[in-house]
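K.L.:
Sequence:
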Amino acid sequence: NPNDGQALYNRMFRHEPGNRCIELLLSYGLRSSDRANWSPDDESDVGMLDFLLEYAAKQGFADRVALLLENGADPNFVGFYKPRKTPYAHALEQGHEQIAAMLKEAGAHPTEE
1 NPNDGQALYN RMFRHEPGNR CIELLLSYGL RSSDRANWSP DDESDVGMLD FLLEYAAKQG
61 FADRVALLLE NGADPNFVGF YKPRKTPYAH ALEQGHEQIA AMLKEAGAHP TEE
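Here this note's numbering is used: the first residue of the sequence shown is 1, the next is one more, and so on.
Don't take each hint at face value.
Unchecked claim - Each computed DSBU-like pair below joins lysine-lysine, with the alpha-carbon atoms no more than 35 Å apart:
1) 58 / 85
2) 85 / 104
3) 58 / 82
4) 104 / 58
5) 82 / 104
Quick caveat, the hints were computed from the structure, so don't treat them as lab data.
Put together the whole structure using the sequences plus the hints.
P.N.:
Pasting the structure below:
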C-alpha cells in the first residue's frame with residue numbers, strides 16, 4: 001500500500017539513506033491527498049506529505065522538503081502536534097533560511113516571521 005502511514009512515519013525521523021522510501025511510495029501511487037492511517041479505523045484529516053513536510057522543515061532536511069513540495073505537500077499546513085506551527089515558522093525558528101525561502105516560493109504565507 002503506497003499510503004502506508006506507519007512506513008512514512010517511521011522514515012521521517014531519519015535522513016539517511018536519503019528519501020528512497022518516500023520516493024518508492026510516491027512511485028507506487030502515494031499522493032498529497034492521502035491521509036494519515038495509523039490504524040485501520042483512522043479517519044484523520046492530516047495529509048501524510050504535509051505531516052512529513054512539517055518535520056523535514058524543522059529538522060533542516062532541504063532535499064526532503066523539496067521532494068515533498070514537488071509532490072503536493074501543503075506549505076501552509078499547521079502542525080499536528082503542539083506547538084502548532086507551519087513548516088515555514090519551524091524553518092525560521094530553527095535557522096533554516098534556505099528551507100524557509102523554498103517554502104515561501106512554494107506559497108507559504110509568512111505570517112509568523
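K.L.:
Of the numbered hints stated previously, which ones are contradicted by the structure, given in increasing order?
P.N.:
none
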